[in-house]
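The listed protein sequences correspond, in order, to chains A and B. Residues in the first sequence are numbered consecutively from 1, following full-length UniProt numbering. Residues in the second sequence are numbered consecutively from 1, following full-length UniProt numbering.
Just so you know, these hints were derived from the structure itself, not from any lab. Cβ atoms here follow ideal geometry from the backbone N, Cα and C, with glycine treated the same way. Among the hints, a few may not be true.
Beta-carbon label-pair distances, calculated as ranges [stated by the list, open to error]:
#, chain 1, residue 1, chain 2, residue 2, range
1, A, Gln26, B, Ser312, 17 to 27 Å
2, B, Asn364, A, Leu10, 51 to 61 Å
3, B, Lys365, A, Ser192, 49 to 59 Å
Cut-off 25 Å, straight-line C-alpha distance, at most; resulting in silico cross-link-like pairs (SDA-like, lysine to any residue) [stated by the list, open to error]:
#, chain 1, residue 1, chain 2, residue 2
4, B, Lys365, A, Ala125
5, A, Lys334, B, Lys341
6, B, Lys341, A, Leu108
7, B, Lys361, A, Leu108
8, A, Lys122, B, Lys585
9, A, Lys191, B, Leu589
10, B, Lys87, B, Ser54
To give an idea of the chain A side of the interface with chain B (calculated C-beta under 7 Å), a few residues [what the hints assert, rightly or not]:
#, residue
11, Lys155
12, Leu157
13, Asp158
14, Leu159
15, Asn160
16, Asn218
17, Leu387
18, Phe391
19, Tyr392
20, Ile394
21, Tyr395
22, Cys430
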Amino acid sequence: MSESEIKLDLVVIKKDLTAGIRECSQRGLYHSAKWLSEINFSIAHIKLPLETSSVVTELESESYLLAKSYFDLKEYDRCAFFTETCVEPKPRFLHLYSQYLSIEKKKLDNMTDTNCPPDPTKNNALRMLCTSLKEDQFVNKLDGYCLYLYGIILKKLDLNSLAMDIFVDAINEEPLHWGAWQELALLVPDKSTLLSLRLPNHWMKHFFLAHVYLEQLNNEEALDIYYDLHSQGFDKSTYIMAQMAIAYHNRRELDKAILMFKELLHLDPYRLDNLDTYSNLLYVKEMKTELANLAHTAVNIDKYRVETCCVIGNYYSLRSEHSKAVLYFQRALKLNPQYLSAWTLMGHEFMEMKNTNAAIQSYRQAIEVNRRDYRAWYGLGQTYEILKMPFYCIYYYKQAQQLRPNDSRMILALGETYEKLDKHENALKCYYKACNVGDVEGMALVKLAKLYDKLNEVDNAAAAYTEFCFKEEDQRAGGYDGENEFYNAFQYLANYHLKRGQLEDAYAYAYKCIEHDETKEQGKSLLKAIATKRAEQEGFNAKSSDQSKANVTDITNDGNGSAMEMVFSPLNN
Amino acid sequence: MLLKMAGDTDMEMKTVSVDNINVDNYRKLVHTYLNLHAYNTALFWADKVVALTSGNPRDIYWLAQCMFLLKQFHRAAHLLRSKNLDKTYILCNYLTVRCLFEANELNEALKVLNSMDLEVFLQAGNTSCNTTMDAGMFDDTPKYQVQSSVLLLKGKVLEAMDNRGLASECYKQALQCDVYCFEAFDSLIRYHMLSAAEEQELLNSLPISQQCTAIEADVLRTLYKSKLKKYNTIVGLIPSKTCKPIYNNTPLQTSLIVMHRKFVNISDTPKTSTMNCTPNSEVRTDKVEDTKSDQMVLDSPENGIQVRLQQSLDLAVSQAELFYYNCDYVQCSKITESILKEDPYHASCLPIHISCMVELKQSNKLFTLAHNLVDLYPNLAISWFAVGCYYYVIGKRDSARRFLAKSTSLDRLFGPAWLAFGHSFAVENEHDQAMAAYFKASQLMKGCHLPLLYIGLECGLTNNVRLAERFFQQAQIIAPDDPFVMHEMGVIAFQNLDFEMAERHFQDALTRVKPIKDSIVPERWEPLLNNLGHTCRKLKKYSDALEYHHQALVLCPQSASTYSAIAYVHSLMNNIEDAVHWFHKALGLRRDDTFSTTMLNYVIEQLSMEQPPYPDAPDYIPDFEIATNAEEDSTTNDNVGNASERQITASDMSIEVDL
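Pulled out of the complex, with its shape left as it was, chain B reads as follows (with noise of 0.2 Å):
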């Protein structure tokens, strides 16, 4: 290197005048080299271009450019604000406030950014379309994208700053400007900063068809519709090559809750999982048709670049999105494994995919893709996400919550890594550090209402029912269409004695929850079907609650709690041999329910009392017929007094454990 320069400085330098070089050539081997990523030649041939040119600003652009690839941001800086360029050129004024960001020195950033005036920059640009150079541009970048991409940066800064509120407002004007910004756009969606209408108002509002043609207007419609919140659709129909059977979508959060309220009984609730899921692009029910007509389109061959849209992965991940909120965790763990194979590290389909592992318990798999991720991303939330993930469907807490704690220590934002740190405690019935964990999740996530639900949760396990309507309602009004929280108030309506407010929430959610096709419903809604056959038991349906409980047990067999619920509506339908037979398939899953046993006493007894010895029963024995009869009937009926009676508080345990 050094005998090179000397060679270069004596040959040329000194004995070829300025004007016979052509510096353009240089120009083309620093970009060239750029190209190469081969840096540091770059930056040398650059320093010398400067040098040759005597300072062009775009040159020392150039130069700049290279240094922050090299990641010397600090000198790249110092070089462009030494020169003043930052004053003048916009996009100079853009890196420096680049490298300042990249500096971590967002004061200073923000200082820098907020000197130039963009609506100067924009005038400029307006009046005199030449002049670029003067305004900044260097190139023939299009000037609504430097725009947007400078909005883009600002919204960035202010975030990093916690300045939430601005910096949403920001990305939201870089979009405006540039709809193709798709940073922007998932900068706004990603953290559940708006709620799926805001979302859904957002798409709208962005001018596509000033900016795009008709056909890439659809298309890029389509693609950030994917993106968009999937929980609250009721019916989505994604077109798709890959996946046979069409599901409707249950929100995800829901299937968190309905878990949450299990956890008394199954421990290892994969609540965590539910979280991570990136936020997609909401479809509104209003919308379904239009999404449909999408598809149609989609599908349709003439819409060849659509259908080969379909095999991106991003696309793939959403498909997989909308299995896991459809609870379809074996289905979405196809596509998501494919996916990984395809592109081992894909950024946005891990939190998914890892979700999924722990909803299937496969605790091998994710110890493997744990130990990979932090092998080569210690500095990625998701990687000690995926460890704290491990150590908690493998039933180890303390551990999952320090790895949970290193995740969001990276990332702050990361709400998945919050939820699953309070389902840590809330597994281990710590309510109000749960409700903590939960609380700093609902500040990171405007729009999503899995927080405030989790929270309502947490208070109505705590018996504070007042509060915990209040969670679900403000939960509600973030997602309206979401079955689970409607289950959730359906619940806290049975506990407050409101049993036909109760089974109007349950049969509301119900209804959502009811695919297009009426057989599959996915087994997450087991409890659901219980529910709503507890309430109906209330309400004197018997024969109504029974169905649901049969509903129930269908979608998930040979459970303790179904067979003793359907054996105690038999009972109270005095359907006694039926009850006898059914508490004892409970009993013999669970052999030390109380209630059961109890119940079980209390009809046995019955039985033996009141039914003839046997089907037959002759009355034709002669001379047999005495006056006891009455005197069994009469206290038969106090045993049915007393046991009805029991039974209601029994029952009311039965339907927490249920829950």
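Excised from the complex, chain A in its bound form (with noise of 0.2 Å):
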């Protein structure tokens, strides 16, 4: 990999970030300068050789000044105001993005129900804030940082490959302004759009495209690369730790992925940021007593956060407090309605509690806010199953399978709901390709086996059922729900093998039959089959093979068939 090769000077970074922290926080970009503030911490042994700060006096500067106090103070309007003639980048930034900010914080006042989240067609303002950045455009008026603005704006207006080609000019502008990557990265829809994109040739794109492949769930690529800045010089970024974690949890490697948080918390305890991630991974490994601790902790820094509120309604939700869940993660969206793990956990929770309108809702916005939320997609899926529309739950299965082409249960719930349709060759195929991407649940080779039976594939289903018994032998410590499902295929392998006149491998799985209750007879009876024929071979005599046979195909209809329940577990990773 070209990424491999990274090479990175120190000094040359520091210097840039230095002035990229100043232009941004002029600007009132406060998110892109904590980044780059966060990554110019990391290095801060680096020494930079002092220079001589020159007072630059620039023109309109109180005019800039009075704007910039407005704007601090979220006075967006006056803002706009006082720098309506200003024709210097700052101020000139300042009017645009003050607009911008004044309509979406209307935006936000005027809703009133998280559940129907504002209007997108009401968007006249906005509508008439892009024209007047199209105009500018055009004469190329912009500079780097409103480019970035008239970006977020396309894409506020759902045109997102014009938005595209916009922020890769801001980039190419200001590759200091992070937001832009941010922006970008949120919009590339795949690998080969990535390596086609015109970006400039600078140190921040390493950080853009592991950020990019994370975004991509590529997550080897990012880590990769994660690994080659934490050795060039970013081992203290906690930034870079934290998208390793969730790389970490991407790859499922949830304890690889606790562990990092941890030690992300530790040293830096009043974090918030990711902390959602956290939670969701504590979630899944159940962790109570960590999960209620990192809810206090939360809310004792700061009650009023996405990511607070995504953490307390995960603990509601692993107590089974569902409504009580919702109700915080409506209070995340009532502060952002672009945050996607709420949507997403929301409409977990409303599967939980059973309304399926307002889960589908919830899964709905989720994909407005990103189409790559699998479990959004997946959720979907799961909620048009519930209401017996096969054709759009393939298509939402399919979807979720689509960005997540390893994990074995979008595809086995693919292939369950091609069961359905009696598309058993199609089902086949995705049980087929879920065990052999690893299955989580266990599953799919037992139906694939079923399928395989169905298709009058016996000798494949035998083998799958062969598989089957051997892995489950393995792991079945304990008690195990799937048991009928285990002494069937001994059933189904003893009668196989009895028709091929195996008898002694047929022995010994009708022999394991009796072990259980539900199939004990079938399992007598099997044994008295194969005691006969096996009398029967003794005396060299075939004539009542025939007989048998009859026996056994019957013995095999009565098998229970696909008894197959519907699973709501909510993905959580």
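Grab the two chains, each in its own frame, and use the hints to assemble them into the complex.
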């Protein structure tokens, strides 16, 4: 990989960062400034040669200062008014940015019910702002920051491909503005698009690439870059640690991820960023005490942060207080309607409460925010399964599966739906793939076997059953829900071998059947059949084989068909 | 007063002989007081002067003038007529008529007017310049200006008597006599009496070069040109110091139409507003070059006068109008607001300003403005028009109609109010009443194609396609370059299933709309692009259709109907995944859209049947290639057939809704 040759000059980076932090914070781009400062802090040991900071007297500095103070106090309209005639880049940006923020703030204030997010078609003000930016952009009057703003607005208006171009322009103009990179990362649909982007050759690019890879669930590549950056001097960066933790989380290496988060919180105890992911991890691992602790700490730090609300929501959800959980997710959304995890998690809660309509709404919102949220797609699939709309169901599961091609849960769900539609072949392919990628829940194999059987692929079925039995036997220590399946498998195998005349094997399997109540009777009759057959064989008499065959088929038909149950366990990761 | 009078008579009249009194001093007194608007005092002294000079016609004229200024119209007219001055002196005649006109005695006025032969007066003037006195002139007012004023007055009288044909003849003559007579020019164009071509003709026929010097002629031409109709100008570069971007003008009217079409969805269409605009001088397509060069002249530093003139509010109003016709309402309202800041009741700016408010739905500002206007000028049509527009914007159509009716009763020639009146019916689907209002407007505004266009629209909405087409054709005769008309023609062709024709019309309109810089098309034109998309889809040019729909999306993002149109094209192109994606988006915005719901059901079914379960679908499960595949294909084909049949009707629906 080319990324492995990352060469970073920390002094240059430091210089860039200092400039970038200044530029961003002067423009009120606080999140970018925060990010840059965090990176800057992680290389605090690098010292810059002292520069005589020349105090640049800027034109229009009076109106800039006035506007900036209004901006900081969130009096956006005022800020916009006093910068209306300014042409200097900073007040100009403040003028546009405050207009945008004012529109957004009003939208948020006018939102009455979190369940129905602000009507996206009521965006006249935004459209007007967009038009004026479009005109300015046409005459190339926008600098990197204004381009970023233009891109944001385009994205808000759902003109994503246009927005992508604009962000690329913005980045080329101002590579130090992390916000633009971040927005772009959300828009890049796949790796090939990513590689075709015209990006500046800047050290920020590495951070961006890793970010995108992570965003696209391309965890290995992301981790590679992060390892590299880590070894190149950013070993103290909390940002990189958090990203790595998320990557582990995506790879379902839960323990590693939890460890990482613990370390992170040790270094940065008042951090709230990414804690929602951490709480998801604790939820999945059902670590109740840790989650409770986390929730309390988060509340202590800041009650009104989306992350805090999410952590609390997860906590209540783990305690099965779903309506309370929903309340907290709604609060998170009130704070930020674009907050992805809350939408998805709220969808899960509604599912638990059997409120499919609300669940669908939540999931759809989540997808609106980020089309790559496979949990929401999967959730949609589940809801439509309940609504008995299998075609939709297939579509949604497919989307989820494409996002997580190596996750057996999606492909399994897809297979089950195909099976319901009597598309046995497709279902079979799905189960097959599920087994291939490593079945988490252990159900794929037996389903595969059953389908093979249904499609008269007796040999394949038997092979699958055998495999299944081997695996189960290895795993089985304590009680197991799928006991019936397990013994049905033995029964099938016994029949199969019996039919083949492999009496030794048949005997072994039939014998197992007796261990279980439900299959006891069949087991016994099988044993009987085997005994007769053996007797016949011993007597070199093949006459009665026809009869025994008939018996065999009867018995197999008795076997319980597919008693599939839908499982609505929220997919927390 | 009484005391003073007593003193006057006692001391001077009796003792001083008439000859010793310098009457000129008193005359001067009269003039001074007139200038100071102290009309009563002036009247008093004028009366004395008349007495002193024992009825000098010139002094009587001034006396009458004082009465006129005191609004004692009958008294003045009686004075002049009792002395028979109206028969002998042209200025007296003029004043008499003026008085009678103001007193609303139109027949009488016309009689007096006709009693004096203008030709005689003229000839007298021609033969001997010095005998002006005898010919009826008292001072050195140039004769041609007097003549022009008389003609203008005659025009006004005739117009008030509803004889508009003759009136406009008079105006034209007045303008021929004196090219500076703006009122005549304004009367001609203000009420859309002339079509754009006729206006241009008028301007060309004026003897400007005979009456002014070259530089003045330039100034005059530019000024008048700025007043001509703007909607049929394709690209109008108006030189301006204040406005940064230069747009091509899109016709106002067109936008109205589009709005109109849309009104099914959008109830508060600001059609009204469009109408208000006072007519401006036209710049013809073929004259574009001329305008440009004019502007070059204007811009060049040598032409200081013209540059200065740019600061005149009238020209700023023209500029605003231009923006309005370009559908750039924000820019337009910026200009009008700055104009109104300088001159809060600028008459010709107000209609544009109000229209703009309607477009931008700024009900609060409209409310304040309307209140102020009604308080100050309850007798002006525009005040009540503003009130009507306010109610129109906030959706109270009944009240809107009441006030618009009031406005039209105050000034029957006020076209915008009539159109707005029509719109208030149209948005409520009251087609017949709307048409009646539009018809009235079309009678008043002979030179404006808007009413015709609206009538056509209403016809189209009542499914009378034939009639609609005829009206559009009439509109096109008046305004051949108007993209709105072209667009409507396209829609009609589409409804007649003549898609090639429709495409041609739409393309024509598009080329007119597309600015010099092609990226910035006003938002108003989103329906045009969508319709082009629909048409291309019908013609099976799917990728073109997609392109147009996406362009429409850029103009007007997050529109459910555009989304579902895109989805539909995708489904016809067999891009089923994309189709599902876009239908989802459409339904996300408009959940009760039956077309999208049905289509989504179809395509999603198709998708799950046809496509492999996952991208790298394995063929490698041994022994599993079974003959059922063939069956599957045939069933899906059936599905496609059904779907497309259904879609034709459904899409027809959708195109209507879009429009």
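* If you check each hint against the structure, which ones fail? -> As far as the earlier hints go, 1, 5, 6, 9, 11, 15, 16 and 17 are violated by this structure, in ascending order.
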